[in-house]
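Undergrad: If you want the building blocks of each chain, they are given just below.
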Amino acid sequence: MAYKVKLDIFEGPFDLLVYLIENAEMNIYDIKVSEITSQYLNYLSLLQDYNIELASEFMVLAATLIEIKSKMLLPRPKIDGDESAYEDPRAELVQKILEYKKFKTAAENLEQLEELGLKIYSKPQEDLSQYTKEPDEFIDLDLSQFVKAFNLFIQKKKKIEDIHKRYEKIEQDRMSVEDRMIEIRGLFKAKSGIAFHDLIADNQDKYDIVLTFVSVLELIRLNTVSVRQHTSLGEIYLTLKKPKGGELHHDE
Amino acid sequence: MTSKKTIKSAFESMLFVWGDPLDVKVAAEVFNIDFKEAYGYFLELAQEYSDEGRGIEIREIDKKFQFCTRLENNDYIEKLCSPTKEKRLSQPALEVLAIIAYKQPVTKGEIESIRGIKCDRVLEGLAKKELIAEVGRSSGIGRPILYGTTPEFLKNFGFKDLGDLPEIEDIGETVQKEEENESIDYQQIALDFREA
Numbered sequence: 074m075a076y077k078v079k080l081d082i083f084e085g086p087f088d089l090l091v092y093l094i095e096n097a098e099m100n101i102y103d104i105k106v107s108e109i110t111s112q113y114l115n116y117l118s119l120l121q122d123y124n125i126e127l128a129s130e131f132m133v134l135a136a137t138l139i140e141i142k143s144k145m146l147l148p149r150p151k152i153d154g155d156e157s158a159y160e161d162p163r164a165e166l167v168q169k170i171l172e173y174k175k176f177k178t179a180a181e182n183l184e185q186l187e188e189l190g191l192k193i194y195s196k197p198q199e200d201l202s203q204y205t206k207e208p209d210e211f212i213d214l215d216l217s218q219f220v221k222a223f224n225l226f227i228q229k230k231k232k233i234e235d236i237h238k239r240y241e242k243i244e245q246d247r248m249s250v251e252d253r254m255i256e257i258r259g260l261f262k263a264k265s266g267i268a269f270h271d272l273i274a275d276n277q278d279k280y281d282i283v284l285t286f287v288s289v290l291e292l293i294r295l296n297t298v299s300v301r302q303h304t305s306l307g308e309i310y311l312t313l314k315k316p317k318g319g320e321l322h323h324d325e
Numbered sequence: 014m015t016s017k018k019t020i021k022s023a024f025e026s027m028l029f030v031w032g033d034p035l036d037v038k039v040a041a042e043v044f045n046i047d048f049k050e051a052y053g054y055f056l057e058l059a060q061e062y063s064d065e066g067r068g069i070e071i072r073e074i075d076k077k078f079q080f081c082t083r084l085e086n087n088d089y090i091e092k093l094c095s096p097t098k099e100k101r102l103s104q105p106a107l108e109v110l111a112i113i114a115y116k117q118p119v120t121k122g123e124i125e126s127i128r129g130i131k132c133d134r135v136l137e138g139l140a141k142k143e144l145i146a147e148v149g150r151s152s153g154i155g156r157p158i159l160y161g162t163t164p165e166f167l168k169n170f171g172f173k174d175l176g177d178l179p180e181i182e183d184i185g186e187t188v189q190k191e192e193e194n195e196s197i198d199y200q201q202i203a204l205d206f207r208e209a
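Residue numbers (the numbering used here), protein chains in the order written: chain A, 74 to 325; chain B, 14 to 209.
None of these hints come from the bench; they were simulated from the model.
Even for Gly, the Cβ is constructed at its ideal location relative to N, Cα and C.
Hints may be right or wrong, so weigh each one.
[To be verified] The following label-pair restraints were derived from C-beta to C-beta distances:
(1) Leu225/A with Gly66/B: 56 to 62 Å
(2) Phe219/A with Glu42/B: 22 to 28 Å
(3) Lys231/A with Gly32/B: 42 to 48 Å
(4) Leu119/A with Asp133/B: 23 to 29 Å
(5) Glu42/B with Lys206/A: 17 to 23 Å
(6) Glu160/A with Asp88/B: 53 to 59 Å
Isolated chain A (complex conformation) (with noise of 0.2 Å):
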C-alpha cells in the first residue's frame, strides 16, 4: 500500500529522481550516480512487482542513468594535465533536474497563489439585456462572412424566381374519376334515365363538367350505362344498362 501513495506523487521520471536525490541529501551538482541509479531501478522493479504499468519514460531515464554510471566509471582522460578541461557526463543531466526543479517550485509558487485566488469572489458576466430598451443582436462576423452570407442570399432568391418563371402552380385534383362514377350511378338509384345536362348543374367549373364527361365516358366503357343521342348537338340521355353478374361489385 505504501507505494501506492508513492505513485501519487511522482508525475514522471524527473520528480522520482529528485525526490530520490533530496532523499538522500545529495549534492545536486554531486550526484553518486552509481547510489541513485540502483535506487531508481529498485524502485522501478518494485513498481513492476506490484504489476504497476509504467510509463516508456521511466525507462528512457534509467537508461541515461546507467549510461551516465558506465561513462563515470571510465578513468578520466588528462588533456595537458588540466582536469578541468574535463567534462563531467553527470552535466546535461543536472541541467535537466534544475530546470525541472525551477518549474516544480514554481508550480508550488503557483498553487499558493491559487489557494488565495479560490478565496476572492468575482461575478461573472451579467446578462445586460434586461437593461437595454431593444436588445441588439450581435452576429459575430467579419467582412467576408457577411458577403459570403449576402451572396447565399441572393442565389437563393435568384433560384426561387427561376423556379416561378418555369413552373406553374398545381392544384390538387378536387374529386377523382372513379369517385364520380360512384356518384352517378347513385343518381340512378332515383330515376331509371338522366340527361346529361343534369349532371352538370348550373354553378360547375370546367374542371367538374371534364371531370363528370370522363366519369360517363369509363362508364360507357365498363358497359355500366348506354348513351343515346337523338339530334347531333343535341341533349345525351343516360341509362342503367341491367347489371350483369360480374358487374355487381360496382353497386356500393
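The hints should help you fit chain B onto chain A, whose structure is shown.
TA: Relative to chain A, chain B alone:
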C-alpha cells in the same frame, strides 16, 4: 467637460453593472476620454476602496478592472455558499501551467522535455478550464502548436499581467550559493554551467 468626480462615480456604477472585468478602453469610450486618463481614474478608485478597507476590492486584470471580494472575508462567504466547490488543479496540471506561464509561447515538445513525461491529457484539461489556449504555430519542423496562458489564468491566480508572475530565474543561483561552501568538487561543474 465632465468632472473627474462624476466620471469616477460612473465607472464605479459601470463596474457594478458589468460583472466581468471591464475593459478600460470601453469605459473610456463612454466619456470620450483617452485610455490613460480612464486608467488613472480606475487606479484611484481601486486605491480608495483599498484605503477604506471595504469588503469589495477593485482588481486589475490585463488592463481591465473588476469588483471582487476581499480575501479576508472568505470564511464568511464560504458559510453563505456552503458547500463550496473544490476546483484545485492537480500537481501535473500546476507544473505544466507553470512551464507555459513562464516560457510562453511554448510547444508541447518543450514542456515534455522539461518534465520528462507526456502531457497531452494535462494540456487538454487546462485548455478546457480556459487557463491556456493555442496562441499560434511554431516555425519549427511540423509547425507545432504554441501554447500560452489566458486572461482567465491571470484572474484565477490574482495576477495583474504576466509581469506580475513571481521571479523564478534565480532559483538555480540560490541553490548554487547555498551549496558553494559545501563542496569543492562541484565548482568545476558549476563553471561549466555558467558557460553553457
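Undergrad: Look at each hint and say if it fits the structure.
TA: Cross-check of the supplied hints:
Restraint check, leucine 225/A to glycine 66/B: a C-beta distance of roughly 59 Å satisfies the suggested window 56 to 62 Å. Distance hint for phenylalanine 219/A and glutamate 42/B: a CB-CB separation of about 23 Å, consistent with the stated range 22 to 28 Å. Between lysine 231/A and glycine 32/B the CB atoms are about 46 Å apart, so this pair conforms to the stated range of 42 to 48 Å. As the Cβ distance of leucine 119/A to aspartate 133/B is approximately 27 Å, the hint placing it in 23 to 29 Å holds.
Distance hint check for glutamate 42/B and lysine 206/A: the Cβ-Cβ separation is about 20 Å, which falls inside the suggested range of 17 to 23 Å. In this structure, glutamate 160/A and aspartate 88/B meet the distance hint of 53 to 59 Å, their C-beta atoms being roughly 56 Å apart.
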